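Using the hints provided, position chain B relative to the given structure of chain A.
So the sequences go chain by chain: A and B.
So in this note's numbering, the last one in the first sequence is 188, and the numbering has no gaps at all.
So in this note's numbering, the last one in the second sequence is 1306, and the numbering has no gaps at all.
Treat the hints with care, as some may be off.
Output of the computed footprint for chain A on chain B, the stretches with three or more beta carbons under 8 Å from beta carbons of chain A [unchecked claim]:
no.	region
1	1072–1079
2	1110–1120
3	1129–1142
4	1168–1178
Please keep in mind that the hints were generated in silico from the structure rather than gathered at the bench.
Treat the numbers as computed from the prediction; the structure is a model and nothing was measured.
Ideal placement from N, C-alpha and C gives every residue a C-beta, glycine not left out.
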Amino acid sequence: MLVEVTGTDAYGNEAYKKLFEDILSESGKATSLEKVRMLLNPGTPLFIFSALMRNVPESKTIADAVSIRTEGNEVHISISDENYAPHILSALWKMYGRDRVDQQTRFDIKIENGDEDAIAKVEIASGEDAKQEIIGSLWRVLPEGIKARHNISEGRLITIAATEEIMTEELKEKALRFHNETKGDADV
Amino acid sequence: MYDGGIYRSNELLEMIEDVGGVVLQKTRSAQMFTVTMSIPGEDRGEMERMCTSIGGTVRSVPLAGTEIAVVGPTLGRHHMPHPVCDVAEVLRQNGSITVVMGLARGRGKATSQISVTEEDIINEYDAAIYVLGNFKTCVEAKKHLFEKIRVPVILVSGPMPEGLDEYCEAIISGVGRKSERMRTPDERKKLEEISDRVDEVLRARKKMLEEDPLFVHPAELKQLLEEYEPIKESLRPAPIVLHLDGLRIKIPMHEHGKAISDMTVYGRRLGDIARISESRINDSSIIIKIMTRSEVNDADSAGKGA
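For reference, chain A alone in the conformation it holds in the complex:
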């Protein structure tokens, strides 16, 4: 992940770069970002963060996180990505009720009279959730008192402008210019 910081406070620039890297790695989202640009102007105050993701986040279905097979009237699921285990269980309970969903081990689930195709298609994480998580991390990096915020989202590029004053059209245009500069020639 490439992080570029420009701003009026040399100490703040370095500190925010470190803070951003720490918060992103803590949230597990650092690897999903290709480039991040930050404009830090505490004098105005105006903060603009622009994050370019590696891919447009796509929604995940149960089939993406498990291997699934049918034996007789039972569907057997083996979870391959444990991160989604709670979502999978919760979706199955919703579909078939707790009585028919038997979690045999940490990764293995058996369902009485289940429909393999229907199970495989169930969405367990939407692309919007992934985007929201990145936005949440960016908000967490922003100073707490800078409450007036403006988001621009385009494909895999997210830009957040924040100020403590009124979010004027001028500031929004500045954010859009910064957004376009980050985009450059990249195909978003």
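Coordinates of chain B only, in the frame set by chain A:
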């Protein structure tokens, strides 16, 4: 400070009494036991031998007998738990009782505020450590958060601010906002630096108090208060906390204020030689500020004149 197990700790407490020392704080957690004590210097060697023989260790804690507030701009995840709690932790390791406090509206360069109640609460402690952020202009713009605080203020920030010397006893830069624990060698060194500066500030305050000593030392008053049944029965951890110029006792003022005021200290009513008030945090604690000898003499001569 003794740090060890509960096993044979009664021998330790007896020895503290025998050498004429006082127990400032006792904390028991399961089988672990820590005792902050004040003993004559010449008995330290003997005390160390005794503590080693019962399986514990002894170390000097320069901040013993103080209660310090560590103040962050808010309790939000932007400012807590790090580095506010890291600072509080190192102060506790050095013997102080600490309180972590987040202001209700301390965030924002132009919108930050502190209420009179918050100022009064901070003024109950021996010192206040303000932990602010990474931008110089923002730190400088937030001086109103501590300019009316009467107890010594130690400012911990990222960059070194300018023009704040008259509002703070000490300024330590190089910390700022952090999202993870201060655990690198440089960060641990910085925390030690903060603790050392707090120690210096409080030593200066102690020296100032020595010029016009308190009528009774807080530790002596603590021994008297420990005999008061409701304090003995209090289940709160550290029901009596020492301050440099008084104590905090964790029992309600409206129930016990009169009984406390009527206690006798060196032939005087406690209410006549100390200012006793309810804590501004809530009604479950009492703040006792002991008057200096000259204040007591003044009050006496004013009484005789009348």
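Query raised in the report: Among all the numbered hints in the text so far, which are the ones the structure does not match?
Result: Violated hints: none; all satisfied.
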